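Going by our numbering, the sequence shown runs without a break in its numbering and finishes at 443.
Some hints here could point you the wrong way.
As the list claims (entries may be wrong) - DSSO-like cross-link-like pairs, simulated, lysine-lysine; straight-line CA separation at most 30 Å:
# : residue 1 : residue 2
1 : Lys163    : Lys129
2 : Lys74     : Lys19
3 : Lys5      : Lys19
4 : Lys334    : Lys381
5 : Lys163    : Lys202
Bear in mind the hints are in silico, worked out from the structure with no lab data behind them. This structure is a prediction, so every number in the text was calculated from the model and none was measured.
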Amino acid sequence: MVLAKDRLIIKGARQHNLKNIHLEIPREKLVVFTGVSGSGKSSLAFDTIYAEGQRRYVESLSSYARQFLGQMDKPDVDVIEGLSPAISIDQKTTSRNPRSTVGTVTEIYDYLRLLYARIGRPHCPNCGKPISQQTVDQMVDTLLGMAEGTRIQVLAPLVRGRKGEHEKVFEEIRRGGYVRMRVDGQVMDVTNESPALDKKRKHTIEVVVDRLVIRPDIGRRLADSLETATGMTGGIVTIDVVGGEELLFSQNFACPDCGISIDEPQPRSFSFNSPFGACPACTGLGNNSEFDPALIVDRTESLDDGALVPWSHSTQQYFHNMVDALCRQLGIKKDVPLDQQDPRFTEILLHGYPEGKVRFQYENMYGQRKWYEVVYEGAIKQLERMYRETSSDSIRDQLAEFMTTRPCPACGWARSTPIRSRSRKPGCRSGMASSILSSTAAP
Numbered sequence: 001m002v003l004a005k006d007r008l009i010i011k012g013a014r015q016h017n018l019k020n021i022h023l024e025i026p027r028e029k030l031v032v033f034t035g036v037s038g039s040g041k042s043s044l045a046f047d048t049i050y051a052e053g054q055r056r057y058v059e060s061l062s063s064y065a066r067q068f069l070g071q072m073d074k075p076d077v078d079v080i081e082g083l084s085p086a087i088s089i090d091q092k093t094t095s096r097n098p099r100s101t102v103g104t105v106t107e108i109y110d111y112l113r114l115l116y117a118r119i120g121r122p123h124c125p126n127c128g129k130p131i132s133q134q135t136v137d138q139m140v141d142t143l144l145g146m147a148e149g150t151r152i153q154v155l156a157p158l159v160r161g162r163k164g165e166h167e168k169v170f171e172e173i174r175r176g177g178y179v180r181m182r183v184d185g186q187v188m189d190v191t192n193e194s195p196a197l198d199k200k201r202k203h204t205i206e207v208v209v210d211r212l213v214i215r216p217d218i219g220r221r222l223a224d225s226l227e228t229a230t231g232m233t234g235g236i237v238t239i240d241v242v243g244g245e246e247l248l249f250s251q252n253f254a255c256p257d258c259g260i261s262i263d264e265p266q267p268r269s270f271s272f273n274s275p276f277g278a279c280p281a282c283t284g285l286g287n288n289s290e291f292d293p294a295l296i297v298d299r300t301e302s303l304d305d306g307a308l309v310p311w312s313h314s315t316q317q318y319f320h321n322m323v324d325a326l327c328r329q330l331g332i333k334k335d336v337p338l339d340q341q342d343p344r345f346t347e348i349l350l351h352g353y354p355e356g357k358v359r360f361q362y363e364n365m366y367g368q369r370k371w372y373e374v375v376y377e378g379a380i381k382q383l384e385r386m387y388r389e390t391s392s393d394s395i396r397d398q399l400a401e402f403m404t405t406r407p408c409p410a411c412g413w414a415r416s417t418p419i420r421s422r423s424r425k426p427g428c429r430s431g432m433a434s435s436i437l438s439s440t441a442a443p
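Make a model of the complete structure from these sequences and hints.
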């Protein structure tokens, strides 16, 4: 029997209320089953097609693995041809949890994380080059696969495109006892005098670790030279092929040009609900709630009439007395609407007045009147501290009325952690980059 490759063939489906159904479904297409309630849509999709696909997948596993998985019964159907392992997305109720998305609720995101971790091909978010990992043995195999008689140089790049005179680098090369080096593409002997480099230009300095001719018997020497080069540079080695194109190898999951390195991709690396994958700025929520100046200040009102909205009905006098003292110090009239005053005063009310301290008197809860001299930090910082330090849910809910949700500036709703460079290569850029989710899955 020849299995169908371009379609799914179902013959004699009698599961539940299906009446000996025969049909063909094209593969790699979005197919929708429609019909009135009770017509057999779920019986065909879930109880027949999915059940048989899942059953075949479980049967392909070892007996040890099958004991941890629920074995599904064979559906009432004569023949199903062209069926691959299947997954189902169950219908579930919605959730108000901010960490829930369509992908997490339906659990399809679990399969996507596994897909990215297993067959994803990470790429550098700066230059777009693939980020891969190679062992010394793999490097040796690649080089021994060249035509016999090919001449190569094993180079250890100590500086790559970095400005400066690099006197210390040349001194390290001399102390290492090396005979040759390549500076900006020119091979030269190592002498007691360092080459004169323009400190305003970018330079590349590489040590010539070994010079070889490709033959079947140089495997051991080649491996030793590669290990020496990678040990000097943290995992990077350049192969200068005489008369051919240069090769660049890396032992790390790292971009050899930009220095961005990542851990080996794992499913948790792609989960915004895991500390290993969540954006540290928003903890995986994709947005940040912050106090909105437009909700805090009513510019059409004066301070006496409640221009600072969160304190318009407050009985706490500490902040009111501090604002009164600030107005006296700046010569501001409290009975004049804010939109009729200098706009800079509104900015001071919101963001603080660091130029000087404000002196005012306040009567505490014990009836003691004391003089205070403090820096006015602004209404926004005052509200942020209240929101952060309060243990009352009702107060937090009241303060939330003056907040606005905005996209996280670090991830821009992506929720996932940016890549951070774990090691600084000489002359390489480091720091924030885009998410590892820019990886592409292999076909």
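Results for each hint:
Using a Cα cut-off of 30 Å, the hinted pair lysine 163 and lysine 129 holds, with the two alpha carbons roughly 24 Å apart. Annotation: proposed proximity of lysine 74 to lysine 19 holds, straight-line Cα distance about 17 Å (limit 30 Å). As the CA atoms of lysine 5 and lysine 19 are separated by approximately 26 Å, the hinted pair is consistent with the 30 Å bound. Annotation: proposed proximity of lysine 334 to lysine 381 holds, straight-line Cα distance about 22 Å (limit 30 Å).
Restraint check for lysine 163 and lysine 202: the C-alpha separation of about 4 Å stays at or below 30 Å, so the hint holds.
Hint compliance for this structure: no hint is broken.
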